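Assemble the whole structure, with the sequences as input and the hints as a guide.
The chain contents come next:
Protein chains: 2
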Amino acid sequence: MTRRAAVVLLSGGLDSTTILALAASKGFTCHALTFRYGQRHAHELEAALRVAQWADVASHKIISFDLGAIGGSSLTTDAPIPKDRAPETLGHDIPSTYVPARNTIFLSFALAYAEVIGTGDIFIGVNAVDFSGYPDCRPEYIAAFEKMAMLATRAGSEGQRLRIHTPLIDLSKAEIIRIGLELGVDYAMTTSCYDPDAENRACGRCDACALRLQGFSQAGIIDPALYQSA
Amino acid sequence: MTRRAAVVLLSGGLDSTTILALAASKGFTCHALTFRYGQRHAHELEAALRVAQWADVASHKIISFDLGAIGGSSLTTDAPIPKDRAPETLGHDIPSTYVPARNTIFLSFALAYAEVIGTGDIFIGVNAVDFSGYPDCRPEYIAAFEKMAMLATRAGSEGQRLRIHTPLIDLSKAEIIRIGLELGVDYAMTTSCYDPDAENRACGRCDACALRLQGFSQAGIIDPALYQSA
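Sequence lines, in order, name chains A and B.
Residue 14 in numbering that gives the first Met the number 0 sits at position 15 of the first sequence, and the numbers go up by one each step.
Residue 1 in numbering that gives the first Met the number 0 sits at position 2 of the second sequence, and the numbers go up by one each step.
Simulated from the structure, these hints should not be mistaken for laboratory data.
Only a predicted model underlies this, so the values are computations on that prediction, with no experimental measurement involved.
Do not take every clue at face value.
Since the list can't tell identical chains apart, any single copy or any two copies may satisfy a pair.
Keeping only pairs whose Cα atoms sit at most 25 Å apart, straight-line, the calculated SDA-like set for lysine to any residue is [what the hints assert, rightly or not]: (1) Lys60 - Asp83; (2) Lys60 - Gly183; (3) Lys60 - Asp77; (4) Lys146 - Arg162; (5) Lys60 - Thr28; (6) Lys82 - Val115; (7) Lys60 - Gln38; (8) Lys25 - His40; (9) Lys146 - Pro94; (10) Lys82 - Arg153; (11) Lys82 - Arg39; (12) Lys60 - His40; (13) Lys25 - Ala127; (14) Lys60 - Ser95; (15) Lys146 - Gly70; (16) Lys82 - Ile220; (17) Lys146 - Thr96; (18) Lys146 - Thr165; (19) Lys60 - Gln159.
Shown next as structure tokens:
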């Protein structure tokens, strides 16, 4: 069997780590792509490096640019991170942690990398169930990106199929966690918090922590991540 | 009259400089966006800085990232630049100077910047007449990007119109030059060459030089750029 190559967007968080394990389990040779985009903390990058090593990826590229220069998000500027919002209220508005066009930028680089390594398969861990309400996590957005991408590249114009795989898009966080555990993911490698302390312990109070903690709770499993209150 | 803001992608070349002059002449307050993306030479960046100053733009952001790390193009790696191809033969294949997904990456950052400054107007100097055959210069690609972009952002999901303006897309290089000259553009500010020498003199032999020289010739005007053979 010839193994197909895939580009996997890897942030070092729970969703992208599960995606990487899933893509590998489906027989894809995985090429991970991580971004240092001006987020406040380096802890995401450290987690992505740990996860890529654990998954024994075929390659891992880290692309750096500063979205803080463009602004517009509490993740890349000094604006306060929203805290203590109830998980069940999330997804109904777009919070300040929204980074303008972030997934479009990430997928554009993935499209470039996919063309260079000669594949039309890209995996991204977007989720439209237990999510923060970001517009670029919705299925209609992903479908529109696929159509655009087919027209954007040499490969597409020569007839190569381009597929943005989003296997987590309809799953709850608890379901994602169960799938990852079945695939052998150790979620202690991953980080989700928007505002960890100096020792990289999660705050437990931002939207990302709230959704993660709710997911582990609903799955009936203890989150192995370190929290500040622990 | 309230002036509308626009993001203008500015490389410092002939097309993007003309676009900037055009957008300003239509009453847009222009915010220029330039990329240091791993191209071989800094001369493009210097030209973009000159042009932005000349046009007195409202802001000029320069975003840096290394597409050379991804590879796949003679513009960002050590692969040879094609030379001495006849202008009339260009556009029928995709040459090695094609940078995978470049316009998609550029437009994605423009989309982010447009959302932050609160506009839905983006100008890009793509051209599908006297061009090198790049897939991401075609009208159908631009239309697909617009559709995707409307779904990608907070602004789009709140109903804001998003428009990728491509006023040069159907024009010959000679027509573009005539429009620019009417708007007061001094093309000595601009640079087009893919392979200039250490003194930033154009090679006169790459595709970009060939198309530029043919355009000036057809417009009956002397190109004020410095060439190595001059």
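Against the structure, the hints come out as follows:
1. Lys60 - Asp83: neither (35 Å within a copy, 35 Å between copies)
2. Lys60 - Gly183: within (24 Å within a copy, 44 Å between copies)
3. Lys60 - Asp77: between (28 Å within a copy, 19 Å between copies)
4. Lys146 - Arg162: So lysine 146 and arginine 162 pass the 25 Å test inside a copy (9 Å) and across (18 Å) alike.
5. Lys60 - Thr28: within (15 Å within a copy, 37 Å between copies)
6. Lys82 - Val115: between (41 Å within a copy, 23 Å between copies)
7. Lys60 - Gln38: both (17 Å within a copy, 18 Å between copies)
8. Lys25 - His40: Classified as neither; 32 Å inside a copy, 42 Å across copies.
9. Lys146 - Pro94: The answer is between: 23 Å across copies meets 25 Å, while 28 Å in one copy does not.
10. Lys82 - Arg153: Answer is between: at 21 Å across copies they meet the 25 Å cutoff, but 45 Å inside does not.
11. Lys82 - Arg39: Answer is within: at 16 Å inside a copy they meet the 25 Å cutoff, but 45 Å across does not.
12. Lys60 - His40: both (19 Å within a copy, 23 Å between copies)
13. Lys25 - Ala127: within (22 Å within a copy, 40 Å between copies)
14. Lys60 - Ser95: For lysine 60 and serine 95, the Cα distance is within 25 Å only across copies (22 Å; inside one copy 28 Å).
15. Lys146 - Gly70: between (28 Å within a copy, 24 Å between copies)
16. Lys82 - Ile220: within (23 Å within a copy, 62 Å between copies)
17. Lys146 - Thr96: Answer is between; shortest inter-copy Cα gap is 24 Å, intra-copy 27 Å.
18. Lys146 - Thr165: Cα proximity of lysine 146 and threonine 165: in one copy and across copies (15 Å, 20 Å).
19. Lys60 - Gln159: Result: close within a single copy only, 23 Å intra versus 35 Å inter.
The structure shown violates the earlier hints numbered 1, 8.
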